[in-house]
Amino acid sequence: MSGGTWAKKIFWVLLGAIFLFWRAASAEPWEDKAALLGFLAGVPHSRRGLNWGAGAPVCGGGGWTGVTCAADGSRVVALRLPGIGFNGPIPPNTLGRLSALQILSLRSNGLSGPFPADLARLGSLVELHLQVNSFSGPLPSFDLATWRNLTVLDLSFNSFSGPVPGSLSNLTSLAALNLSNNSFSGAVPDLHLPHLQFLNLSDNHLNGTIPQSLRRFAASGSFAGNDGLAAPPSPAPAPAPASPSPSPAPAPLPSSRAKRNLGESAILGIVVGGCAAAFALLALLILLCCGKGKGKGKGDEEGAAAAKAKGGTKKKGAAAARRGSPEKTVSGSQDEKNRLVFFDGCNFVFDLEDLLRASAEVLGKGTFGTAYKAVLEDAATVVVKRLKEVGVGRKEFEQQMEMVGTIKHENVAELRAYYYSKDEKLIVSDFYSQGSVSCLLHAKRGEDRTPLDWETRLKIAVGAARGITRIHAENNGKFIHGNVKSSNVFVNANRYGLISDTGLASLMNPMVVSRAAGYRAPEVVDTRKASQASDVYSFGVLLLELLTGKSPIQVIGGGRGGDEVVHLVRWVQSVVREEWTAEVFDLELMRYPNIEEEMVEMLQIAMTCVVRMPEQRPKMAEVVRMIEDVRRFDSGNRPSVEAGSESSTPV
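Under mature numbering (1 follows the signal peptide of the UniProt record, and there is no 0), the letters of the sequence shown match residues -27 to -1, 1 to 624, in that order.
Calculated directly from the structure, the hints in this document are not laboratory data. Where hints are given, some of them may not hold.
Stated by the list, open to error - Now the in silico label distances, taken between C-beta atoms and shown as ranges:
(1) Ser107 - Arg550: 36 to 42 Å
(2) Gly408 - Lys361: 18 to 24 Å
(3) Asn467 - Ser114: 46 to 52 Å
(4) Val335 - Gly201: 40 to 46 Å
Heads up, the beta-carbon is just placed ideally off N, CA and C, and yes, glycines get one too.
All chains should be built: construct the whole structure from the sequences, respecting the hints.
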């Protein structure tokens, strides 16, 4: 063989090696790129600025719009193209070639035609979002077992028809299934999906009864709007006159389970009865103390009756209390001035005895005391909190209460009155019937409950942020809340959040162990030394709670190593680091279309609030502006799955 021939071979080998090296170095997913260009060429779209081009890199240099690549740039792993204006059917042999694709979102377009069977080839798919399009026809009977990794399937707001395929049971990893607002008909199949946490088959034409495997989902939410669908039959009543079983299953509970439930009921009865007895005992002691040496009891009672008959507000205002208004003392010592002190603007007509005689219900035990719902004789309802472990004297307590009582804002729960004595400290505030955000988020998950929708969560976030901003403006911009958490945030009549328990942290004994450790900033050791920056951190945790639906601290039962404590902030940070951001969001939010971008923006705001260094956190006023920027959308242009959803107009 001549030297020239060898030289040519060496040349071509080196050239091929250089080409392979260049291709590996550029890590351009050539096959995926061709599939995407074929899809784009076959589907018209109305959005300008889509930077897909044969000469532009898919992954490097900023990448193509909506495309996410693997860390080494070798494959496309996510495709998110919401609201691009795509029209017509998905062309075959295009997207189905993206064999490494894990997330596909084509929601809010004008895609039509039958379900794209090409997608069944995507064996790595984890999430599929095709909601708010114009797909029609029945779902195909292809082998859905190909999607063994699929956890989220959202086909809502389309025109699919025919039966809901029973082959969905092959999707054994499925955690969220949304087929709402289509035209599916026939019976609901018996789907055995062990990991399913969210189901929505509402607003179709389904009939028959709900199968046993799906009865753990609320009929009012998951199956609403199907006129032909009947609720599951109620269990037959027991022949003996016994209390009904709490379980919907007709089979009787095992004896060990029954004994355990009886024990829990007995314990609950003891707790409630004990609280009621304590209140009654306290009332009796106060009445006995008031009776000693009180020669004007009859006159006092007549005066009180006259005041009520005239509609006067008894003892309104802290200033009136200090001027020696005819309030009844609750101690034998006149020097202690143990009075129920009302703030200006409070229209309640009652005294401490009325309060103690009121029908009381335990609302919950918090970090700083126990809260009671008290219904007075005139049907007025208030919340009374009995504070425990107060670590300051009367003067400091009254000064703090006076400062809190001056805060008037629609997103701050107003303090109505307080009471201070050596043995008892009470604060009185308004009652909010919808309960705390903690209850709205976490109570009875997976049972018959109405999920907290995204619009309300946004309102809660912006309302609470405005309230904390107002609190921080008090005392020349130096005031703090000190105990921001979801159980201290309530919802007003317009579904906006408002913050309660303002300023109590600085009054408490520093030895009190905080039950809100999951909200506490890392630099805070003594809860009395919280700062506005630590309030921002706690608010960031609240935002994460609204986004994830998870508690700030979760204890997971372990094996030999004991229970595992999972901190929400650390968990979210680890998930975001691994670029699995979609994994953090609450599955109950999957029913709401077109909110992914807003949730990601809110997540970014939360992450800026929970940074470790206090000086790097934004001020609450900045947080309010950031959250309000998230609400740029026009809610009227978005289809809603909740009839009669609230307007997004700020308070």
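(request) Against the earlier hints, flag every one the structure doesn't satisfy and list their numbers going up. (result) Nothing - there is no hint that the structure violates, so all of them hold.
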